[in-house]
Amino acid sequence: MSGLRILVPVKRVIDYAILKVVPLRRGIPRNVQPADMHSQQKIKPRINKAQTGVETAGVKHSLNPFDELSIEEAVRLRERKGPIKVEDILALSAGGPKTPDVLRTAMAMGADRAFHIDVPEKGDGGPEPLTIAKMLRAVVEKENVNLVLLGKQAIDGDQGQTGQMLAGLLGWPQATQASKVEVKDDAGTVEITHEVDGGVETLRAKLPMVITTDLRLNEPRYASLPNIMKAKKKPLEKKTLADLGVEDTRRLKTLRVTEPPPRKGGGKVEDVDGLISKLKELGAL
Amino acid sequence: MIPIARHSVLRAARTQLYPTRTLSQSALARLLSTLAVLEQRDGKLQSSSLSAIAAAQKLGGSVTAFLAGSGVKATSAAEAAKIKGIEKVLAVENDAYEKGLPENYAPLLVENIKKGEFTHIVAGHSAFGKSLLPRVAALLDVQQISDITGIESEDTFVRPIYAGNAILTVQSTDNIKVITVRGTAFQGVETEGGSAEIADGADPNAPASTEWVSEELAKSERPDLATATRVVSGGRGLKSKEEFDRIMLPLADSLGAAIGASRAAVDSGFADNSLQVGQTGKNVAPQLYLCAGISGAIQHLAGMKDSKVIAAINKDPEAPIFQVADVGLVGDLFEKVPEFTEKVKSA
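In the order they appear, the protein sequences are chains A and B.
First residue of the first sequence: 1, per this note's numbering; consecutive thereafter.
First residue of the second sequence: 1, per this note's numbering; consecutive thereafter.
Check before you lean on any hint, since a few could be wrong.
Within a straight-line C-alpha distance of at most 30 Å, the following computed DSS-like cross-link-like pairs (lysine-lysine) qualify [said to hold, decoys possible]:
#	chain 1	residue 1	chain 2	residue 2
1	B	Lys315	A	Lys268
2	A	Lys184	B	Lys305
3	B	Lys343	B	Lys219
4	A	Lys180	B	Lys44
5	A	Lys142	A	Lys280
6	B	Lys305	A	Lys268
7	A	Lys268	B	Lys114
8	B	Lys44	B	Lys114
9	B	Lys315	A	Lys280
10	B	Lys241	A	Lys268
11	B	Lys308	A	Lys264
12	A	Lys44	B	Lys99
13	B	Lys115	B	Lys82
14	B	Lys305	B	Lys58
15	A	Lys253	B	Lys114
16	B	Lys239	A	Lys180
17	A	Lys268	B	Lys58
Derived coverage of chain B by chain A (criterion: at least 3 residues anywhere in the stretch with Cβ under 8 Å from a Cβ of chain A; other residues may be distant) [as the list claims (entries may be wrong)]:
#	stretch
18	101–111
19	125–132
What the hints contain is simulated information worked out from the structure, not anything from laboratory work.
Ideal placement from N, C-alpha and C gives every residue a C-beta, glycine not left out.
Please construct the entire structure, taking both the sequences and the accompanying hints into account.
This is the structure in structure tokens:
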């Protein structure tokens with residue numbers, strides 16, 4: 001096998017600091033100043049008045065955290081100098097005018113170039129996974145990609161489908177929720193350890209293939225300032241779905257988006273005896 | 001007088017409505033034909049299978065169960081045939097499908113779906129279902145609906161988005177609905193009293209492009225986390241793996257509970273990945289969820305807030321977990337949890 005040509009699809013989503021409060025391994029959630037942390041705790045995705053989606057205007061967005069892991073893994077494959085040399089890391093994202101922001105981040109982390117698939121924002125949550133998978137298939141074929149690294153799910157739609165759909169459309173092997181990726185030989189044998197219910201499982205497949213990443217795979221690097229500056233000079237090409245021969249047809253109609261039923265705290269007790277008697281009262285003990 | 005008048009108007013309206021309603025329902029039942037994709041491991045049905053069947057039964061039409069693997073007819077297929085409400089069990093006996101690898105399992109399913117003209121395909125949102133069904137959906141050119149928590153009608157489904165912070169109701173326009181279901185939302189299958197016929201499914205013998213090498217599963221005598229009636233869960237506050245084990249294991253034993261953990265605890269190596277509860281881990285909805293040293297990040301709440309009773313022990317009175325806990329105790333978990341364990345044991 002001549003070289004690894006990696007495609008890393010990424011998504012711009014509402015910043016997970018809004019969704020997430022507990023700090024990551026590193027201590028402090030990325031992009032969140034300690035002073036902000038307390039105020040962040042009170043922010044939650046707000047549902048719009050028309051009940052068609054979540055309010056996104058004026059809300060901080062960033063790279064989907066699982067996609068950071070896939071870029072990091074692509075860059076590490078290059079740095080590890082395994083049996084197959086990494087020839088190209090192409091980052092790609094579909095979305096509105098702000099999409100290049102996340103692509104620049106991806107390039108600052110080490111992607112060589114990027115495609116922005118321009119999809120007008122219609123407030124419908126963007127193209128569905130099946131559409132994205134078809135779009136990716138077209139890019140894979142045109143760009144002669146032999147490894148696609150995707151996040152296991154986007155933290156907005158929580159669907160967890162795109163990677164598997166792409167693998168299905170291409171007829172390629174897939175490994176979902178990878179926690180370890182190892183290129184074994186220059187014939188393109190890859191061993192992947194992935195998360196399953198109750199533990200981990202190891203799979204072996206031959207390139208080309210599709211891998212989706214789990215949180216345990218790696219710790220994404222920070223983009224350094226010099227790398228952020230360099231990323232500004234890396235090529236970013238704009239394309240449309242039509243260029244790739246894909247139509248943005250929706251199969252699922254959003255009927256409404258609502259608040260989940262609220263859950264009220266039942267108050268506190270003074271001591272362990274109080275806890276036990278309250279649990280008995282509630283029928284839980 | 002007015003109430004009586006209202007009554008009769010209502011009754012008149014009802015008699016007019018009722019026939020059409022029953023008619024459309026029975027018409028629906030005739031057309032609707034669901035394939036429940038069951039998950040088996042070493043010949044035993046997994047809990048995700050039961051939620052797939054529960055959802056299939058809720059859809060209303062006929063329910064066919066599907067199983068594949070080594071010698072499944074005598075084991076998991078026979079087990080499935082006893083489940084009440086299943087019309088038929090399609091079984092494919094072939095070692096190639098034993099590990100549920102999507103590369104050959106997906107074409108196998110597609111072949112059986114097309115042959116059986118099923119309108120709905122349902123599987124549990126377990127690692128097996130999550131990895132397999134989107135591939136099946138793509139092969140059928142269908143947009144899947146993931147991790148549903150409710151069924152409004154044959155084409156309208158409810159699912160959480162944004163880590164459970166919003167609830168989306170979607171209507172599918174696809175001819176075949178491919179769905180994964182959240183286990184905690186679909187329960188109550190009667191595992192006895194059925195006598196479904198076990199028939200051979202079609203086997204296209206699609207090649208497997210992936211090779212299964214090995215697995216490492218966390219062995220535990222405790223109840224399965226996803227289906228346990230009681231769950232005790234520990235977080236960052238436990239400080240180390242040794243402390244996690246010293247504090248949480250006796251607590252779990254005293255309650256006969258499964259053990260869960262927050263992402264922080266898993267990331268810090270206190271507990272195994274497979275114990276993580278939350279948006280990217282497992283969803284649980286036990287009778288009792290007792291957590292210690294967990295602040296209650298939205299991602300964690302996403303995985304446990306449908307629990308019947310939530311109890312929390314945390315030293316920070318401002319921890320968000322207290323906003324959802326039915327009962328909270330502010331205190332040092334290293335004192336309070338062992339005291340609780342002792343008192344429950346001696347009670």
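The hints, checked one at a time:
1. In summary, the hint linking lysine 315(B) to lysine 268(A) is supported, as the alpha carbons are separated by about 12 Å, within the 30 Å threshold.
2. A distance of roughly 43 Å separates the Cα atoms of lysine 184(A) and lysine 305(B); the hinted pair therefore is violated under the 30 Å criterion.
3. Our distance criterion of 30 Å between C-alpha atoms is met by lysine 343(B) and lysine 219(B), whose separation comes to about 28 Å.
4. The straight-line distance between the Cα atoms of lysine 180(A) and lysine 44(B) is roughly 29 Å, inside the 30 Å bound, and the hint therefore holds.
5. A C-alpha spacing of about 64 Å is found between lysine 142(A) and lysine 280(A), which places the hinted pair above 30 Å, so the restraint is violated.
6. Proximity of lysine 305(B) to lysine 268(A) is assessed by CA-CA distance (about 18 Å); at most 30 Å being required, the pair is judged to hold.
7. A threshold of 30 Å between alpha carbons decides the hint, and for lysine 268(A) with lysine 114(B) the separation of about 56 Å lies outside it, so the pair is violated.
8. For the suggested pair lysine 44(B) and lysine 114(B), the alpha carbons sit about 27 Å apart, so the restraint of at most 30 Å is met.
9. With a C-alpha separation of about 23 Å, the suggested pairing of lysine 315(B) with lysine 280(A) holds against the 30 Å cut-off.
10. Proximity of lysine 241(B) to lysine 268(A) is assessed by CA-CA distance (about 28 Å); at most 30 Å being required, the pair is judged to hold.
11. For a cut-off of 30 Å, the pair hint linking lysine 308(B) to lysine 264(A) stands: about 12 Å separates their Cα positions.
12. Between the alpha carbons of lysine 44(A) and lysine 99(B) the distance comes to roughly 40 Å, so the proposed pair goes past 30 Å and is violated.
13. Taken as a hint, the lysine 115(B) and lysine 82(B) pair is honoured in the structure, with Cα atoms around 24 Å apart against an allowance of 30 Å.
14. A distance of roughly 23 Å separates the Cα atoms of lysine 305(B) and lysine 58(B); the hinted pair therefore holds under the 30 Å criterion.
15. Between the alpha carbons of lysine 253(A) and lysine 114(B) the distance comes to roughly 25 Å, so the proposed pair stays at or under 30 Å and holds.
16. For the hint linking lysine 239(B) to lysine 180(A), the alpha-carbon distance of about 26 Å falls within 30 Å, and the restraint holds.
17. Taking the CA atoms of lysine 268(A) and lysine 58(B), the gap is near 39 Å; set against the 30 Å cutoff, the hint is violated.
18. Closer than 8 Å: that is the beta-carbon criterion, and the stretch 101–111 of chain B has 4 residues meeting it against chain A, so the requirement of 3 holds.
19. Judged by the Cβ-Cβ criterion of 8 Å, the stretch 125–132 of chain B is covered by chain A as claimed, because 6 of its residues qualify and three suffice.
Hint compliance for this structure: hints 2, 5, 7, 12, 17 are not met, and every other hint is.
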